[in-house]
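Residue numbers (my numbering), protein chains in the order written: chain F, 6 to 452; chain V, 2 to 493; chain G, 4 to 254.
These aren't lab readings, by the way, just hints derived from the structure by calculation.
Among these hints, one or two may not hold up.
Claimed, not checked - Here are the simulated lysine to aspartate or glutamate pairs, EDC-like style, with alpha carbons at most 20 angstroms apart:
(1) F:Lys364 <-> V:Asp421
(2) V:Lys466 <-> G:Glu147
(3) V:Lys470 <-> G:Glu147
(4) V:Lys367 <-> F:Asp351
Said to hold, decoys possible - If you anchor each label on the Cβ, the simulated ranges turn out as follows:
(5) V:Lys34 <-> F:Gln24: 54 to 64 angstroms
(6) F:Ile152 <-> V:Ser37: 33 to 43 angstroms
(7) V:Phe400 <-> F:Ser408: 23 to 33 angstroms
(8) F:Asn225 <-> V:Phe400: 36 to 46 angstroms
(9) F:Ile151 <-> G:Glu125: 52 to 62 angstroms
(10) V:Ser63 <-> F:Asp22: 42 to 52 angstroms
(11) F:Asp41 <-> G:Thr62: 51 to 61 angstroms
Cβ coordinates follow ideal geometry from the N, Cα and C atoms, glycine included.
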Amino acid sequence: MTNSSNIKNRYYQSYNDNQSLLPGLELSWIKRLRDDAITQFNQDGFPDKNVEEWNVHPCKGLSDTFYDPCQENNYEIDVKSIEKKDSNCLIRVIFLNGKVINIEHDTLPAGIKVNTLSFYLKNNPEFLKGKIKSANEYSEVRLSNIIDSRPQSIVALNTAFHEDGAIIHIDKNIEVPGFIELLHLGECEENTMKHIRSVIFLDKASKCEVLENIKQHKNNNVVFTSNVTDVHVSEGASLSFVRFIEGNSKNLHINNVHVQLDKDSKFISTSLINSKGQARAETRVNLLGENSSSKINILMMGTNNSLQESLTKVKHSTKNTKSDQIIRIILDENSRGSFQGKIRVDVGADGTLANMSGKSLLLSDNARVNSKPELEILADDVRCSHGVTVGSLNAEQLFYLRSRGIPENEARKLLINSFGNVIINNISTNLAKRAKNLMLEDSNKND
Amino acid sequence: MAIDTETINAVEKATKDYKYGFVTDIETEFAPKGLSEDIVRYISSKNDEPEWLLEWRLQAYSKWLKMTKEDPKWANIHFPEIDFQDAYYYAAPKTDAEKPKSLDEIDPEILSTYNKLGIPIREQEMLAGIVGSGNVAVDAVFDSVSVATTFKSKLSELGIIFCPISEAVKKHPDLVKKYLGSVVPQTDNFYAALNSAVYSDGSFVYIPKGVRCPMDLSTYFRINAAETGQFERTLIIADKGSFVSYLEGCTAPMRDENQLHGAVVELIALDDAEIKYATVQNWYPGDENGKGGIYNFVTKRGACRGKNSRISWTQVETGSAITWKYPSVLLQGDNSVGEFYSVAISNNKQQADTGTKMIHIGRNTKSTIISKGISAGYGQQTYRGLVRMQAGAENATNFSQCDSLLIGNNCGGHTVPYIDSKNFSAEVAHEATTSKISDEQLFYCQQRGLNPEEAVALIVNGFCKEVLKKLPMEFAVEAQKLLEVSLEGSVG
Amino acid sequence: MTIALEIKDLHVEISDKEILKGVSLNIEHGEMAAIMGPNGAGKSTLASVLAGKEGYTITSGSIKYLGKNLLDMPIDERAAAGVFLAFQYPVEIPGVATSAFVRTALNAQRRHRGESELDGIEFLKLAREKAKELEMSEDFFQREVNVGFSGGEKKRAEIFQMSMLSPTLAILDETDSGLDIDTLKIVAAGINNLRSDKLCGIVITHYQRLLEHLKPDTIHILADGKIVKTGDKSLAILLEEKGYQGIIEAA
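Take the sequences, apply the hints, and build the full model.
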């Protein structure tokens with residue numbers, strides 16, 4: 006107890022001591038944003054098991070270690086050594102240890118603006134105002150009307166300490182050809198922490214696909230990274246947001262996406278999570294405009310002693326909105342997986358259609374899965390449903406395949422792949438191949 | 002929509018006057034208000050208990066003192082702080098102090114109370130002592146002390162013990178000692194600890210090896226004296242190869258003060274034994290503004306200790322201002338089966354957070370959960386359930402189906418299932434839907450000649466059918482009656 | 004013959020859009036009238052308004068049935084007064100057995116009319132008789148109302164309910180849609196069995212097919228919210244030849 010409160014104080018101290026490293030403090034609104042966030046974090050501390058949203062996470066790892074948020078890294082990387090940009094990729098932003106080191110792009114059509122957070126803070130801070138949200142904004146409103154900020158203390162920490170990020174701004178009616186990639190590479194000192202804060206803003210009737218590609222670190226140190234992305238999809242616009250999350254056995258990655266959807270807008274998110282360490286992806290979608298729709302697809306794969314976690318919260322705030330969630334979890338060896346999904350239908354959000362389907366596949370004796378699909382319905386003219394299953398490979402299917410001459414390993418692989426395919430098949434052609442590779446890599450391990 | 006308004010009106014009209022809201026005028030013997038070690042001793046001595054039980058109670062009391070009142074933060078219920086020193090912990094009908102030996106000695110006032118409650122004629126006849134008029138044995142608990150036990154002789158021929166737990170403590174101390182607190186430990190939760198310290202009385206059932214209890218055992222609990230915390234304790238043991246079906250039903254007189262109810266029910270099924278436990282609960286839910294009404298914080302748990310054992314909970318919950326209740330099953334024996342069938346209605350300002358826990362420990366264990374939640378008025382209804390597959394639960398299976406029906410714009414229906422699987426050969430499947438009664442359905446029924454209230458009742462009954470059909474016949478009728486009272490004027 | 008149903012200059016709107024623009028129609032006791040017309044003419048609206056469905060605004064006009072103002076009566080009272088609507092899309096009611104549903108409805112209507120209710124045995128006897136007439140298996144008594152029924156089963160179940168409830172005004176809203184020829188014949192025979200001088204009927208249909216079996220006394224063409232032509236069964240044949248457009252233009 007004393008230890009963790011000591012550690013909490015060290016973050017507070019570190020925030021006060023390292024202000025020169027935190028961009029934008031000269032702007033009063035950024036300063037307030039960061040100050041409020043560290044105050045909130047100082048008050049709440051790291052979440053523990055009593056926080057509903059974190060009850061599967063081994064919170065001790067977070068609260069017992071001080072991860073230096075301001076430690077400089079001496080690692081460098083030769084940009085040429087990085088694999089080449091995909092031909093379908095229009096713009097690629099390369100991060101190393103939380104900071105942008107390069108932006109590559111082809112000839113850019115008009116109306117597509119991509120740059121670093123630091124650039125925007127210097128040259129166009131007004132654009133960011135209100136788009137980087139305060140951590141408070143995403144506090145959980147409990148059914149008992151209690152506002153609980155504890156689940157968001159990592160976001161608070163991110164809001165206080167973020168050093169860089171990517172800003173994507175798509176103008177009205179612009180359809181981005183290909184996709185935009187945010188590639189995150191890392192090679193960090195032991196016990197350090199990196200916070201990345203990005204903003205994606207799609208103006209009216211625009212269309213865009215973004216890939217957030219989080220690679221495992223080159224070295225294997227205990228490192229905590231947090232990516233928070235604030236997304237605003239304006240009227241009639243459509244965003245496809247794809248996350249590939251990998252990690253080393255000692256990496257802890259926490260990923261938050263907060264999405265606000267205006268009238269007639271569309272949001273499709275696909276996350277492939279496959280870390281050897283701990284990876285947690287949170288997706289919070291607020292359907293604020295009529296006829297907006299959200300689709301969340303998640304595929305998590307766990308091996309060794311890894312922990313993959315996924316949390317979704319889809320909030321239907323107005324009439325005639327629609328949401329879909331498909332979650333697939335494949336766990337082998339000693340891995341653990343967790344899915345907490347929530348559909349919330351606010352008072353007056355009549356005509357809501359919401360659906361959630363979660364399936365977990367346990368491949369080993371020691372794998373463990375936790376699943377909590379939740380419905381909070383406060384309007385009556387709705388159609389909401391969820392279905393969740395947990396099980397192992399279907400013995401009958403396996404037998405059938407083997408009776409046709411397919412060796413057991415191959416048969417298993419086939420079935421495991423088909424289990425995940427419902428997610429993979431939903432990925433745009435731009436990224437399908439890469440998604441498949443990520444997936445195949447994993448099931449090959451079963452050979 | 003106009004139809005919604007009609008529905009809401011129908012519901013309001015049906016629930017405006019709590020049918021069973023009257024107070025029986027009986028002198029009640031109270032222990033002084035508040036809770037202390039002395040009160041625990043007082044309750045124990047009132048029941049003439051042996052030393053070991055007093056020790057057990059005191060142990061629970063000292064543990065309770067150390068427990069912080071952790072009202073579950075996760076539960077979707079809220080209520081003002083309860084002052085535990087401002088309640089009575091013991092009340093017994095005075096006329097019953099000498100424990101009547103026959104039914105003739107029963108206070109006529111009590112019998113007439115049952116009459117007003119609409120207890121089926123047959124059961125009243127039994128209460129009146131007309132033996133042979135039916136096959137339901139009633140151990141009626143008036144407030145906390147049992148006042149009448151029927152069919153005792155018929156049951157005792159088979160070696161079945163069905164009596165107040167206070168009596169069982171004296172006559173069958175070994176059984177009570179062995180099993181009391183073995184399923185719900187004293188420190189399981191705040192209210193279970195409180196119950197262990199101050200429980201006044203309750204039912205005890207023991208079914209010997211290989212015996213099929215020939216009748217449904219039935220107990221009516223009610224809360225009568227004002228501001229009396231009710232802490233019943235029920236213990237049911239089904240020895241190897243036995244079977245018992247137990248029915249519990251409740252109504253309560255109208256009161257203005259919130260009353261706390263913190264019962265503990267423990268079921269133990271040994272090898273090849275089966276226990277069916279059905280509850281129809283219709284406590285006073287408070288008025289339209291949520292004033293008054295019962296707080297129902299109950300711990301109900303069954304242990305399938307033996308192989309091939311089976312425990313099933315069926316509940317129809319229409320009452321209480323606040324319900325916090327999760328009848329659960331620990332599936333310890335291989336091939337054991339746990340079932341939970343529930344209908345819960347929240348109307349007006351009622352809040353209910355109810356569900357079950359199925360803890361699979363043994364191999365080939367199987368559980369089924371069917372929950373139907375209905376919210377109307379400003380009611381808030383949450384299904385909260387846990388299915389856990391422990392590492393040894395090979396080939397265990399669970400199926401859960403949780404459906405919510407919403408009537409009106411101001412209510413809420415919530416589903417919070419927790420699934421935790423540590424065994425790869427175990428299978429869990431959970432499904433849930435939320436919907437409302439469609440205007441089309443209402444129009445269709447009305448076009449065939451049903452008035453709006455009848456139409457709603459019919460549709461709600463259809464919605465709950467899977468659960469209602471699990472109730473014993475006698476009880477199913479009563480359950481339908483309670484659904485009517487809660488939502489409707491009449492059910493077709 | 005005397006007039007049973009009298010619709011006078013009926014104007015009906017749905018969300019401020021006028022659907023019926025002055026329909027007038029008289030139907031006598033024992034008369035079977037067919038209403039035909041193109042999609043969107045207002046046929047189903049007329050059926051719904053007769054049964055009393057919500058969501059329609061009657062801006063002017065009147066409907067009198069057996070001397071009573073139908074528009075003043077709630078849905079269930081109209082049913083008790085003898086109005087039966089066979090739905091184009093019969094509604095599913097999960098968990099409620101068909102026999103329980105029909106018995107509840109029948110007894111509710113009987114109560115309303117001050118008649119004694121049927122007990123289980125009387126009801127079952129009647130139900131078996133009617134099911135047999137419609138060549139329906141008794142299995143469906145225990146099946147949930149319309150749940151998992153095929154299109155043909157649903158329509159047959161509607162006619163079964165109609166025969167059980169013995170209405171005096173039957174409105175058949177596209178009862179022929181989605182039926183194969185054999186089922187159509189059975190359904191038509193079922194309806195014909197119920198015909199008497201006490202029953203009048205309105206058959207709403209697109210096609211002449213059902214009318215060949217039902218042989219209506221009168222045929223009305225409804226187009227754009229108005230009855231544009233009235234005639235006998237030759238009108239239906241004419242319609243098959245010329246199509247609605249030809250008739251409407253000629254009218």
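Verification of the supplied hints:
no.	hint	in the structure
1	F:Lys364 <-> V:Asp421	holds, 13 angstroms
2	V:Lys466 <-> G:Glu147	holds, 11 angstroms
3	V:Lys470 <-> G:Glu147	holds, 14 angstroms
4	V:Lys367 <-> F:Asp351	violated, 36 angstroms
5	V:Lys34 <-> F:Gln24: 54 to 64 angstroms	holds, 59 angstroms
6	F:Ile152 <-> V:Ser37: 33 to 43 angstroms	holds, 38 angstroms
7	V:Phe400 <-> F:Ser408: 23 to 33 angstroms	holds, 29 angstroms
8	F:Asn225 <-> V:Phe400: 36 to 46 angstroms	holds, 43 angstroms
9	F:Ile151 <-> G:Glu125: 52 to 62 angstroms	holds, 58 angstroms
10	V:Ser63 <-> F:Asp22: 42 to 52 angstroms	holds, 49 angstroms
11	F:Asp41 <-> G:Thr62: 51 to 61 angstroms	holds, 58 angstroms
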